[in-house]
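Q: One letter stands for each residue in the lines below.
Protein chains: 2
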Amino acid sequence: MPDRITLAHGSGGKAMQELVNKIFLSYFANEILNRQEDQARIPLAPLTLTGEKLAFSCDSYVVDPIRFPGGDIGKLAVCGTANDIAMSGAKPIYLSAGFIIEEGFSIDELKQVACSMAKTASEAGIEIVTGDTKVVPKGAADKLFISTSGIGVIPANVDWGVQHIQPGDQILISGNLGDHGATILNARENLGFGGQLNSDCQHLYPFVEALLPVKGIRTLRDATRGGVNAVLHEFVASSGCGFQVIEQALPVSSPVRGLSELLGLEVLNFANEGKFIAIVDPKDANLALSTLRQLKGGSDAAIIGEVNSSQKVSVLNAFGASRWLDLPWDEPMPRIC
Amino acid sequence: MPDRITLAHGSGGKAMQELVNKIFLSYFANEILNRQEDQARIPLAPLTLTGEKLAFSCDSYVVDPIRFPGGDIGKLAVCGTANDIAMSGAKPIYLSAGFIIEEGFSIDELKQVACSMAKTASEAGIEIVTGDTKVVPKGAADKLFISTSGIGVIPANVDWGVQHIQPGDQILISGNLGDHGATILNARENLGFGGQLNSDCQHLYPFVEALLPVKGIRTLRDATRGGVNAVLHEFVASSGCGFQVIEQALPVSSPVRGLSELLGLEVLNFANEGKFIAIVDPKDANLALSTLRQLKGGSDAAIIGEVNSSQKVSVLNAFGASRWLDLPWDEPMPRIC
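Chains as they are written, first to last, in my numbering: chain F, 43 to 379; chain C, 43 to 379.
It is worth saying that the hints were derived from the structure and are not from the lab. Among the hints, erroneous ones may be present.
Which copy is meant is left open, because identical chains are indistinguishable; a pair holds if it fits in one copy or across any two.
[Unchecked claim] Okay, derived cross-link-like pairs now, SDA-like style, lysine to any residue, Cα gap no bigger than 20 Å in a straight line: (1) Lys56 x Trp366; (2) Lys56 x Val357; (3) Lys56 x Asp368; (4) Lys56 x Lys161; (5) Lys56 x Arg365; (6) Lys325 x Gly203; (7) Lys338 x Pro44; (8) Lys64 x Leu233; (9) Lys325 x Gln336; (10) Lys354 x Ser280; (11) Lys180 x Glu145; (12) Lys56 x Trp371; (13) Lys185 x Arg109; (14) Lys64 x Lys180; (15) Lys180 x Asp150; (16) Lys257 x Ala71; (17) Lys180 x Met375; (18) Lys161 x Gln290.
Between the sequences and the hints, there should be enough to build the whole structure, so can you do that?
A: As structure tokens, this is what we get:
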């Protein structure tokens with residue numbers, strides 16, 4: 043194979059066959075994908091054994107740089123979509139993967155990305171069962187974009203959703219805030235926090251699975267682009283409730299706090315790629331918290347606030363003063379994920 | 043709303059909410075999408091009533107120009123993925139749609155694309171149930187890329203696949219060859235065939251549905267990038283059979299033939315976006331053909347050759363001479379779909 047992607051690799055000819063065979067089929071090999079039909083054929087019977095509803099989600103990944111401390115675009119493309127599925131209570135099982143590659147992109151880098159996707163998927167028990175490759179001329183895309191979609195089955199007794207949120211419910215976060223956003227910001231702008239910052243990019247289903255037996259879970263949502271603030275504003279819009287966050291309760295690592303203070307940015311707006319907000323019945327909030335804290339990577343989970351009826355998002359500071367938190371018109375950075 | 047897409051439209055803030063609400067949720071509205079969870083939640087029970095296997099497929103669309111005679115990137119993104127699903131015998135029912143938009147792209151054009159997707163999906167009885175929007179800085183992508191994935195259910199008694207192909211089977215095509223490829227080539231290179239050429243971009247399930255009762259169908263595959271030649275070479279690789287095409291039997295419109303002769307290009311390599319190859323037991327080939335020809339848009343369907351054991355693709359010309367047809371290293375054009 044050549045060193046670099048050429049337009050021929052996206053043309054439907056021999057070059058594309060070679061690329062698909064040597065990279066994607068080789069890294070992602072599984073029984074369904076290996077059949078090389080234009081669509082994955084997935085037996086429904088095992089799915090219906092585990093639940094009554096399919097969770098189906100998609101995301102495109104355009105993160106820049108494509109490799110960053112704690113992950114790369116491949117890991118992100120698997121975890122991001124898997125996490126959107128997991129938030130419904132479903133175990134993510136199958137993914138599709140579509141690649142848009144710029145002419146001239148390094149084949150070695152593509153292999154590294156595919157390898158990272160394969161490793162992440164395998165650790166999560168997910169199979170990449172169908173895919174697509176497009177190559178665009180140099181300058182028509184920046185390096186590599188990946189789109190993944192995925193499916194999982196929501197357990198029969200689980201019906202989480204925004205409609206269950208009520209005033210008095212507790213707001214939990216599964217760990218430290220802002221690691222992914224701060225890491226990308228630092229890598230892009232050379233802010234000098236290298237070595238201290240790592241993206242939290244991770245597969246969240248193990249946390250979700252542990253929460254399945256907790257009766258009082260109202261809903262979960264991963265706090266990606268737009269951060270915790272965006273999630274809480276989405277909840278306001280869909281539930282009609284309000285959400286008060288206690289500033290002192292927010293778990294934030296010191297480098298992330300340092301970076302946010304240096305730039306005067308609100309850490310609640312920072313993107314995460316391995317953290318979620320859980321809204322929980324106050325009766326079960328401590329059980330949910332201790333469940334999360336027992337898990338590997340869950341020791342920083344915290345109760346960070348309470349649902350009220352204000353139809354707004356507010357932050358209570360250490361002096362007992364409350365301020366409204368608007369959803370910003372935009373986020374500090376493009377191409378965060 | 044402003045006239046043009048800004049980075050804020052992809053940031054997870056208010057601007058993105060407005061874009062999603064005013065365009066995507068408005069054009070694609072349906073019960074599942076309207077819930078605005080991060081994943082579509084699809085009841086499994088209706089799916090298992092119609093079959094035993096899920097067909098799951100994805101594709102990314104990077105076509106240039108984004109509007110062309112006979113379609114646009116939106117229609118293509120719905121039909122292309124729906125057709126990959128339909129080739130398994132499944133009726134496509136749900137789609138995901140992920141947008142990667144270049145900063146500065148016209149909001150009006152985005153509306154037109156979304157409207158075209160909504161219309162195409164609605165005509166095909168498909169719902170767009172989950173999605174994602176990313177905006178990248180000017181120059182990091184060319185205008186607009188769309189990734190769709192979709193699911194459908196394969197009927198219980200249908201088991202089409204390459205493994206069933208046998209020497210003696212007949213090769214059918216569902217209509218004229220090369221319309222999409224010729225149309226894009228003409229539009230891109232200003233070859234002067236304007237007005238005579240139209241992409242064949244269309245939803246193929248109605249053809250597939252009509253073929254479901256035909257017992258002798260071995261397999262179907264839509265002849266997109268790489269054309270009929272690429273499909274036959276994929277069949278060689280997976281089935282171990284050979285495929286002989288009769289040149290005089292190929293249905294080709296006169297403008298497409300004119301363009302291919304002008305440029306000295308093999309029409310079997312031209313991309314299609316609304317045609318498929320069917321491999322059929324010789325006993326049922328005429329039934330399959332007459333079934334296709336009765337359908338709206340199926341009058342040009344033809345038997346174009348026969349399966350043999352040569353493990354190669356060959357073309358028999360009008361003088362009875364046969365030549366091997368190689369799979370080219372690449373196709374004439376990037377960004378055909």
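Q: Kindly indicate which numbered hints from before are broken by the structure, ordering the numbers from low to high.
A: Hints 4, 7, 8, 14, 16, 18 not satisfied by this model.
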